[in-house]
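Undergrad: Residue strings, one per chain:
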Amino acid sequence: VVAFTRRRVLSSLAASLGAVAAGASQLGAAGTATAADEMPGMDHDPAAAAAHSGHAGFARGGIVDSAANGFDPSLIVRDFDWGRTSKLADGRTLREWNLVASDKEIEIAPGVRYAAWTFNGRVPGPTLRCVDGDRLRIRFSNGSAHPHTVHFHGIHPSEMDGVPGLGENIGGGLIQPGQSFTYEFDAGPFGLHLYHCHASPLAAHIAKGLYGMFIVDPKEPRAPADELVMVMNAFDTNFDFGNEIYAVNTVGFHYLNSPIKVKRDALVRIYLVNVLEYDPINSFHLHANFFHYFPTGTSLVPAEYTDTISQVQGQRGILELTFPYPGKYMFHAHKTEFAELGWMGFFEVEDQ
Amino acid sequence: VNAEAAPPPQTSGARLWLLGLIPLALMAGIVVIFAALGAPGLAERRGPPVENLVVDKIALHPGVIQLTVRNDGPDAVSVRQVIVNDGFANFTSKYEQLTRLAADTIRVDYPWIEGEAYEISLLTSTGGVIPAEIPVAVETPEAGPGFYGLMALLGTYVGVIPVLLGMLWLPLLRRSKPSVIRVLIAFTIGLLVFLIVDALLEGIEIAGQGSQAFGGQALVYLGAIVGYLVLATVDSTMRSRGQAASGGAKAGGLHLALLVAVGIGLHNLGEGLAIGAAYAAGALALGALLVIGFAIHNTTEGLAVVAPVAKNRPSLKTLAGLGLLAGGPAIVGAWIGASAFNGSLVASLLGVGAGAIAQVIVQLAPFIRNEAGQFLYPKSAGGLLGGIGVLYATSLLVSV
Numbered sequence: 022v023v024a025f026t027r028r029r030v031l032s033s034l035a036a037s038l039g040a041v042a043a044g045a046s047q048l049g050a051a052g053t054a055t056a057a058d059e060m061p062g063m064d065h066d067p068a069a070a071a072a073h074s075g076h077a078g079f080a081r082g083g084i085v086d087s088a089a090n091g092f093d094p095s096l097i098v099r100d101f102d103w104g105r106t107s108k109l110a111d112g113r114t115l116r117e118w119n120l121v122a123s124d125k126e127i128e129i130a131p132g133v134r135y136a137a138w139t140f141n142g143r144v145p146g147p148t149l150r151c152v153d154g155d156r157l158r159i160r161f162s163n164g165s166a167h168p169h170t171v172h173f174h175g176i177h178p179s180e181m182d183g184v185p186g187l188g189e190n191i192g193g194g195l196i197q198p199g200q201s202f203t204y205e206f207d208a209g210p211f212g213l214h215l216y217h218c219h220a221s222p223l224a225a226h227i228a229k230g231l232y233g234m235f236i237v238d239p240k241e242p243r244a245p246a247d248e249l250v251m252v253m254n255a256f257d258t259n260f261d262f263g264n265e266i267y268a269v270n271t272v273g274f275h276y277l278n279s280p281i282k283v284k285r286d287a288l289v290r291i292y293l294v295n296v297l298e299y300d301p302i303n304s305f306h307l308h309a310n311f312f313h314y315f316p317t318g319t320s321l322v323p324a325e326y327t328d329t330i331s332q333v334q335g336q337r338g339i340l341e342l343t344f345p346y347p348g349k350y351m352f353h354a355h356k357t358e359f360a361e362l363g364w365m366g367f368f369e370v371e372d373q
Numbered sequence: 075v076n077a078e079a080a081p082p083p084q085t086s087g088a089r090l091w092l093l094g095l096i097p098l099a100l101m102a103g104i105v106v107i108f109a110a111l112g113a114p115g116l117a118e119r120r121g122p123p124v125e126n127l128v129v130d131k132i133a134l135h136p137g138v139i140q141l142t143v144r145n146d147g148p149d150a151v152s153v154r155q156v157i158v159n160d161g162f163a164n165f166t167s168k169y170e171q172l173t174r175l176a177a178d179t180i181r182v183d184y185p186w187i188e189g190e191a192y193e194i195s196l197l198t199s200t201g202g203v204i205p206a207e208i209p210v211a212v213e214t215p216e217a218g219p220g221f222y223g224l225m226a227l228l229g230t231y232v233g234v235i236p237v238l239l240g241m242l243w244l245p246l247l248r249r250s251k252p253s254v255i256r257v258l259i260a261f262t263i264g265l266l267v268f269l270i271v272d273a274l275l276e277g278i279e280i281a282g283q284g285s286q287a288f289g290g291q292a293l294v295y296l297g298a299i300v301g302y303l304v305l306a307t308v309d310s311t312m313r314s315r316g317q318a319a320s321g322g323a324k325a326g327g328l329h330l331a332l333l334v335a336v337g338i339g340l341h342n343l344g345e346g347l348a349i350g351a352a353y354a355a356g357a358l359a360l361g362a363l364l365v366i367g368f369a370i371h372n373t374t375e376g377l378a379v380v381a382p383v384a385k386n387r388p389s390l391k392t393l394a395g396l397g398l399l400a401g402g403p404a405i406v407g408a409w410i411g412a413s414a415f416n417g418s419l420v421a422s423l424l425g426v427g428a429g430a431i432a433q434v435i436v437q438l439a440p441f442i443r444n445e446a447g448q449f450l451y452p453k454s455a456g457g458l459l460g461g462i463g464v465l466y467a468t469s470l471l472v473s474v
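Line by line, the protein sequences give chains E and L.
FYI, in the numbering used here the residues of the first sequence are 22 to 373.
FYI, in the numbering used here the residues of the second sequence are 75 to 474.
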């Protein structure tokens, strides 16, 4: 049902603008034959032509200014934050992180800006990584103009759950602007999880960018691999409870313009999380290859050998594969609407 | 209290001009200072920019959807991405940013398919969405000689021929009694009343679509006032010249016929616009039924043109001229409507037509007065209702 919301809102918008749209098309008369001649500003740059001829992409072959955003999806994809580590008296590892919420305008498609809410100035927030049984200490400071929380998926006591109203006796619950709180709990179970703000209204607090990946490695590490972070997200730029731009790691079509380079025959492990709001289901499809799928990463035995999986909101899983041939291989949501609205990219396989 | 006003002081012409211009100059100076100081005392507007971009026109060519947009709002708007049916599409446009009232053409590369529906979202730099809709995709005709020829033929079929045919009632009118002529003029007024209502409603409908920046529906009413005043001025000028030349009211009938022809011509201009625009949008089947419907509808207009000259002996050339004046604008209208449709322009033209027709009614009205000097008596009222009724009934035959 939610999938139709966007279309419905759009059409009611069209209706409310008077007969603008209907009238324009009904009365839409012939443009002059010389329309093209009247447009000296028309660009015919190769990037635009390539974007048009090959596949979906943004107009004019434009790209987002990652430097201005302060984060680059090409770096986020391999960025794991293990925290500051120290040894506890019982021999366990203590990991500490600082998470700072802030309001920041980011560019999510060429020329399209969005007033995001971020953890540590980036969307998605840092990928926090630890080992099963570690002691975790996450100091959250709210530098945003709105109250927030950090809610981790995993197993922990109620007062560490990052939910308004819980843990207020120890300074937790809803963290007001300028306030801070330290979440502390043991890592577990091993697998792929996520963290996100749990302040109300929930959809807005998540959709605006307050989310990130939370990886708990098994005590016996997984096989060495080229590991990739992929957070499937989207943005409702006009606040109609439907998304305009879809992506993996925030910037639509980023990996179409800058393919993710991997080595031939090398094990590739993808950590895939769906944090989409407003649409109930997202999916991941890989071209010309198959992968082993470990739902939530909580088992070391794959559940499926496939080339397409789907995830509902908050669902996640680990993908393992090797690329036997060199070349470019597309990956995208098999919900083609999301794909053509930005959730589409390339792997580029190079010889070892 | 001395109620007597003091006589105005004697002043030279140049001084008078100066007195008139001083307030204007002061106003201009204050505006410049105010702008130069950056509007002192006033804070910047609260809230995000108002993005009020309006899609005025959509044209479809093979592989291209072309949108004409205009910024109706106070703030500049930048269209940065275009979404067609839930997918980003490549596009080109002339300007990066549109300031107030600026217009642009956005050419979207999209392999559209005839007969299918498309939903277009223009995504702005702030993430706002300007929606547009194509209910049924049909290629927009290219404006070439063949196209203009077709529109001319269409205008001739629905405008010129029926009006000329209607004028063939003239011999019958000549043999009619004055009382019958009075009823026929009442009938003509009835026709014109219907045309006013029709033109106003159509103008208001068209004015409500597309850009409102130039006044929207106000254009129809302003156009009507302009049309009425222009025709009244033309009429009084012609009348004073005519009286100077012939010194009699003999030319009165022809004079009235000319006014009726102008009024109906303006109406047919609007009718041609509607036909041309509908054809260009693929919303019009050029079938026999349409032509037959318009022919019946417009034949009565020919009768209206000749009713005032029943007692004159105008030359065939004059009559043909009157017919062309009344019916010919349908051709011009079809050309404009199909090639350069602009809602604001069309709405104003329809308003001008309505105002002109109102002026024609004022001119015709005295001629339905009977021997007793009455305006409304059973026969004249019957004629009026008959005129309205005939156009109402024949308008049901056509739908544009």
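Calculated directly from the structure, the hints in this document are not laboratory data.
Each residue gets a CB set at the ideal place from its N, CA and C atoms; glycine is no exception.
Certain hints may be false.
Computed from the model, here is a short list of chain E residues facing chain L with C-beta under 10 angstroms [said to hold, decoys possible]:
| hint | residue |
| --- | --- |
| 1 | 79 |
| 2 | 274 |
| 3 | 361 |
Undergrad: Check each numbered hint from earlier against the structure, then list the numbers of those it violates in ascending order.
TA: none
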